[in-house]
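Student: Given next are the chains, with one letter for each unit.
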Amino acid sequence: MALPRNVLRILEDIVGPENISDEPVVLDTYAFQYLAETVTGTKFCARPGAVVLPGSTEEVQAIVKTCNRYRVKFKALSTGWGVWNTVGGEGTIQLDLRRMNRILDIDDKNMYAVVEPYVIGAQLQVEAMKRGLNCHIIGAGANFSPLASCTSMVGHGLSGIFMGFSARNPLAVEWVLPTGDILRLGSLGSGAGWFCGDGPGPSLRGIMRGFMGAMGGMGVFTKCAVKLYPWPGPPVLQIEGLTPEYTTSVPDNFRFYALAFPNWDRFADAAYKIAEAEIGYVMGRQLPPGLVPLLLVRSSAEYAQTRQSGMADELMQEFRHAFLLVLAGSSLREIEYQEKALKEILAETEGRIPSLTQDPEIEKTGFSFLVKGDRNGLIFKLAGTFHTSFGAATAWDAAVAGAKTGEELKKKYIEKGVIVDDAADAAWGGLYEQGRFGHLEELFMYDPSDPESAKGAVEYLAEADEAVLQRSLGQPLGALPNQAAGVYGPACFNYQDWMRRIKKAFDPNVASDPSFYIEPEES
Amino acid sequence: MALQDYRNDMQRCSRCSLCKWPPLAQIKSWRFSNVCPSMVWGNFHAYSAGGRLIAALALLEGRIEYTDKLVEIVYQCQMDGACDVSCKVTRDLEPLEAMLELRAKCVEDGQLLPAHMVMVESLRSDDNVLSQPKAERGKWAAGLDVKDIAREKADVLYFAGCRHSFDQDLRPTARGVVTLLERAGVDVGISGREEACCGGRAYETGYRGEFIKYAEHNIETWNGAGVSTVVTSCSDCYGTFRFHYPKIGKAMNFEVLHITEYLDLLIKGGKIKPIKKVPLRVTYHDPCHLGRLSEPYLPWVGVERKVLGQIVIKDPPKEFRRGTNGIYEPPRAVLKSIPGVELVEMERIKEYAWCCGAGGGVKEAYPDFALWTAKERIEEAKATGAEALVTACPWCERNFRDALGQNMDKMKLYDIVELLLEAL
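Residue numbers (this note's numbering), protein chains in the order written: chain A, 1 to 523; chain B, 1 to 424.
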């Protein structure tokens with residue numbers, strides 16, 4: 001559906017002609033998305049009516065007000081990675097926030113950065129490290145938008161043991177509401193700067209994002225203060241090697257380990273003990289057995305060869321109940337203490353260090369991988385894409401129970417041949433906030449260009465959702481709010497009713513595209 | 001392979017945007033954290049490699065038709081391959097190959113840019129891409145005592161390329177190459193007036209017929225002349241010889257070297273001795289066609305198969321060009337051999353270097369975009385504190401000169417050859 005010409009003209013006046021397009025070729029590059037096939041059965045979702053590139057909060061506000069005035073829906077994206085970024089219907093205006101890409105401030109003393117939507121984790125991290133600070137990198141990898149993750153989307157990364165997670169890390173926020181009014185959350189709301197998300201000033205973190213985030217369904221977030229954490233490493237991590245084998249030497253006050261355990265119980269115990277000892281800097285299951293051979297190969301063919309020849313068997317077995325760990329000491333004495341503490345934990349939990357990770361080159365690769373989050377995209381290599389199942393944010397033991405269920409369920413679909421045979425174990429996740437909660441999501445890989453594979457993936461996902469309900473495993477990480485509300489809401493005090501009320505109160509004209517959040521009225 | 005052969009790659013693009021940035025581990029600052037000039041210039045996702053894969057898929061699926069905008073999106077790109085390197089840190093896709101095929105399809109379907117048509121007309125009439133008379137091609141060598149391989153046998157052929165042959169500002173480098181090689185005792189010859197374009201620009205802009213004509217002609221000529229080595233000071237030509245010529249399947253009975261590789265060998269072998277001090281703090285710009293794009297072509301014919309359920313493999317196994325094997329060290333070694341020269345590196349180097357802006361037919365069709373891209377690189381060079389920017393490609397040098405000139409910028413600019421000559 002074409003946008004009315006007068007609306008296009010108004011938008012053009014707001015952003016300038018070079019920053020708006022209704023060309024089909026441009027629009028289709030926003031309709032195509034990762035995971036689209038799980039929603040529409042094809043790689044394309046609805047085509048927006050126009051794509052607009054605002055350059056400032058004022059432009060965003062003017063666009064949103066125009067949408068309200070002319071009863072046109074809008075949907076904003078930052079890096080725009082995932083089906084939830086797409087518009088729900090043709091004619092909706094897509095705001096691509098790419099031009100709002102600045103790090104506005106890094107406050108060393110108060111340990112936060114103020115960022116715009118298109119700043120990515122890798123950019124923020126290198127600038128923070130120059131000041132002895134670091135930011136949380138989520139599991140998607142360092143190409144994520146910290147602002148989007150903090151304000152609009154769920155996200156955990158393996159540095160979460162030390163650095164919280166995406167819902168915990170936003171401080172003050174500048175928010176263009178669905179009506180076009182600007183709301184400044186936290187200390188910003190009382191003119192006191194960016195240092196706090198909860199006051200002095202309005203504290204609406206729960207309204208803003210709930211747990212899962214509104215995924216573009218509650219207006220536009222234009223600036224966000226993101227919490228930073230200490231980085232006791234060098235200001236610049238020198239990367240060695242040429243692509244794709246990038247490594248970095250482990251600084252003297254850091255350690256990198258893979259830790260393997262005889263069973264899930266010992267695995268869980270060890271993680272708890274490390275968290276309780278407060279010695280982890282990055283920790284989690286970055287390389288479950290089905291993915292660990294990727295460390296040794298360049299191509300999917302080499303991966304397959306390694307698996308089929310049996311060369312990877314021992315390695316995969318070693319990583320069966322294993323996680324990776326980075327320790328960081330603020331001094332050499334502290335890192336010695338942490339090593340001693342870890343040694344005791346390993347003795348108590350029958351833990352050991354697999355031979356592979358004692359190789360200095362693997363150690364350098366693993367360290368860079370974990371600290372920088374630069375190669376998380378490897379999960380796409382084998383089949384073309386992946387999706388996630390299970391993975392509720394829950395007690396660590398419950399997360400392990402979810403991983404076991406996922407494994408059991410995946411076997412059936414592996415036997416059908418519709419997803420990748422990853423030994424049925426690609427449970428990814430970690431333990432966060434010094435052990436207060438954890439998650440293990442069961443990843444599964446499939447070929448999005450193969451309709452049978454994509455269909456199989458959707459069927460697996462439906463069965464996984466059912467298993468979650470039957471076994472009370474908690475809401476899966478990958479459940480999109482609009483879908484989850486129907487599936488899990490009735491089992492969780494009908495929380496979706498509150499979502500609808502919030503949506504109605506904040507968006508009386510339903511201008512902010514609700515398609516991946518929640519419709520204000522139940523259909 | 002044709003565009004449709006990359007259809008699965010298009011569908012497997014995860015829209016992760018990694019094609020827009022250097023390999024993430026290599027990002028060193030916010031300021032210089034982009035790697036794709038087209039994306040920064042165009043801003044809409046369509047201007048990224050991922051966007052072009054989607055556009056190609058939409059075209060193949062009949063969702064869109066040719067428009068001026070589509071053609072602009074296809075051609076407003078230097079085809080510098082940085083996206084390809086970044087993508088392949090984690091993926092086994094071929095974004096650059098697919099984009100090259102998209103251009104070939106555009107030409108096949110009659111979607112042509114006027115500026116490129118002028119270039120192709122010039123190729124057809126005068127064997128060069130610069131609309132210069134063929135008769136003047138050999139003038140750069142006037143007065144040099146150098147063999148003409150059409151008349152005399154020589155062990156090494158020096159191929160000047162269109163830019164070094166016709167661009168009067170840059171001719172001293174071509175003459176310098178001959179001087180250096182002769183002083184090193186190399187038995188070198190040139191083709192002079194009879195030299196013809198490498199055809200690389202034709203390939204990059206989608207004119208496959210023109211490319212094949214020049215590739216066949218040059219290979220036959222050099223095989224016939226019996227030269228053991230073809231040396232060029234043009235990175236564009238070099239990249240074409242290494243990446244595109246092998247695609248036509250004609251035996252190449254000679255080795256191809258870029259002048260920086262050859263000079264590195266001659267210096268290490270003691271044939272050239274830089275002894276004079278050249279006190280200069282320099283930074284080196286990796287030309288795309290000498291760096292990531294010069295990685296040799298790896299022929300592969302096969303099929304895609306599924307194993308272990310849905311793992312997609314190429315059968316027989318395919319080696320991917322990931323940018324690892326470009327020419328990165330020889331130019332640096334030459335610079336380091338010059339007494340007094342201090343080399344300081346920019347943030348974006350080697351396989352993830354920012355492009356100069358001149359390639360892919362952009363300088364011809366979108367000169368403002370080409371100059372903007374060069375200015376961005378000059379900013380990066382200045383941030384190192386270097387007094388001079390050094391490169392090893394006449395297309396880069398031309399574009400940097402134009403950008404420096406437009407800004408009335410005093411930063412010094414050299415080809416490596418010129419700097420080495422100063423040291424002798």
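Keep in mind that the hints were calculated from the coordinates and are not lab data. Backbone N, C-alpha and C define an ideal beta-carbon position, used for all residues, glycine too. Some clues are possibly wrong.
What the hints assert, rightly or not - Heads up, simulated DMTMM-like pairs for lysine to aspartate or glutamate below, C-alpha to C-alpha not over 25 Å straight-line:
id: 1; chain 1: A; residue 1: Lys130; chain 2: B; residue 2: Glu345
id: 2; chain 1: B; residue 1: Lys410; chain 2: B; residue 2: Glu345
id: 3; chain 1: B; residue 1: Lys69; chain 2: A; residue 2: Glu18
id: 4; chain 1: B; residue 1: Lys306; chain 2: A; residue 2: Glu415
id: 5; chain 1: B; residue 1: Lys69; chain 2: A; residue 2: Glu459
id: 6; chain 1: A; residue 1: Lys130; chain 2: B; residue 2: Glu347
id: 7; chain 1: A; residue 1: Lys455; chain 2: B; residue 2: Glu61
id: 8; chain 1: B; residue 1: Lys306; chain 2: A; residue 2: Glu459
id: 9; chain 1: A; residue 1: Lys416; chain 2: B; residue 2: Asp315
id: 10; chain 1: B; residue 1: Lys314; chain 2: A; residue 2: Glu452
id: 11; chain 1: B; residue 1: Lys336; chain 2: A; residue 2: Glu240
Unchecked claim - Sample of chain B residues lacking proximity to chain A, with all beta carbon distances greater than 10 Å (derived):
id: 12; residue: Lys28
id: 13; residue: Ala46
id: 14; residue: Gly50
id: 15; residue: Gly51
id: 16; residue: Ala55
id: 17; residue: Lys88
id: 18; residue: Ala251
id: 19; residue: Met252
id: 20; residue: Phe254
id: 21; residue: Lys306
id: 22; residue: Gly309
id: 23; residue: Glu319
id: 24; residue: Thr384
id: 25; residue: Glu387
id: 26; residue: Asn407
id: 27; residue: Ala423
Student: Give a verdict on every hint.
Tutor: Do the hints match the structure? See the list:
1. Restraint check for A/Lys130 and B/Glu345: satisfied, since their Cα atoms lie roughly 18 Å apart, inside the 25 Å limit.
2. This hinted pair checks out: B/Lys410 and B/Glu345 have alpha carbons roughly 20 Å apart, not beyond 25 Å.
3. The suggested pairing of B/Lys69 with A/Glu18 holds, with an alpha-carbon distance near 12 Å, which does not exceed 25 Å.
4. Distance restraint check for B/Lys306 and A/Glu415: the Cα-Cα separation of roughly 14 Å lies within the 25 Å cut-off, and the hinted pair is therefore satisfied.
5. Note on B/Lys69 and A/Glu459: the hinted pairing is violated, with a Cα-Cα distance of about 39 Å set against a maximum of 25 Å.
6. Under the criterion of a C-alpha separation no larger than 25 Å, the hint pairing A/Lys130 with B/Glu347 is consistent with the structure, at around 15 Å.
7. For a cut-off of 25 Å, the pair hint linking A/Lys455 to B/Glu61 stands: about 20 Å separates their Cα positions.
8. At roughly 20 Å between alpha-carbon atoms, B/Lys306 and A/Glu459 fall within 25 Å of each other, so this suggested pair holds.
9. Using a Cα cut-off of 25 Å, the hinted pair A/Lys416 and B/Asp315 holds, with the two alpha carbons roughly 23 Å apart.
10. Of the supplied pair hints, the one linking B/Lys314 and A/Glu452 holds, its CA atoms being roughly 20 Å apart against a limit of 25 Å.
11. A threshold of 25 Å between alpha carbons decides the hint, and for B/Lys336 with A/Glu240 the separation of about 20 Å falls inside it, so the pair holds.
12. Non-interface status of B/Lys28 relative to chain A is broken: a Cβ of that chain comes within 10 Å, the nearest being about 6 Å off.
13. At roughly 4 Å, the least C-beta separation between B/Ala46 and chain A is not larger than 10 Å, which violates its mark as non-interface.
14. With a least CB separation of 8 Å from chain A, B/Gly50 falls inside the 10 Å interface cut-off, contrary to its annotation.
15. Some Cβ of chain A comes within 10 Å of the Cβ of B/Gly51; the nearest lies about 4 Å off, and the non-interface call is violated.
16. Interface exclusion of B/Ala55 from chain A breaks down, the closest Cβ pair being 5 Å apart, not more than 10 Å.
17. Once the 10 Å rule is applied to beta carbons, B/Lys88 is inconsistent with being away from chain A; the minimum gap is 7 Å.
18. No Cβ of chain A comes within 10 Å of the Cβ of B/Ala251; the nearest lies about 28 Å off, and the non-interface call holds.
19. Here B/Met252 stays apart from chain A, with its beta-carbon at least about 26 Å from theirs, past the 10 Å limit.
20. For B/Phe254, the requirement that its beta carbon stay farther than 10 Å from each beta carbon of chain A is met, with the minimum near 27 Å.
21. With a minimum CB-CB distance of about 7 Å to chain A, B/Lys306 fails to clear the 10 Å threshold, and the non-interface call is violated.
22. With a cut of 10 Å on Cβ distances, B/Gly309 falls inside the contact zone with chain A, its closest approach being about 4 Å.
23. The claim that B/Glu319 is not at the interface with chain A is violated, since a C-beta of that chain comes within 10 Å of its own (minimum 8 Å).
24. At the 10 Å boundary, the C-beta of B/Thr384 stays outside the reach of chain A, the nearest C-beta of that chain being 14 Å off.
25. Even its closest Cβ contact with chain A, about 24 Å, leaves B/Glu387 beyond 10 Å, as expected for a residue assigned away from the interface.
26. Separation of B/Asn407 from chain A is adequate, the least Cβ-Cβ distance of about 22 Å exceeding the 10 Å criterion.
27. Distance to chain A confirms B/Ala423 as a non-interface residue, since its nearest Cβ pair spans about 28 Å, more than 10 Å.
In terms of the numbered hints stated before, the structure departs from hints 5, 12, 13, 14, 15, 16, 17, 21, 22, 23, listed from lowest to highest.
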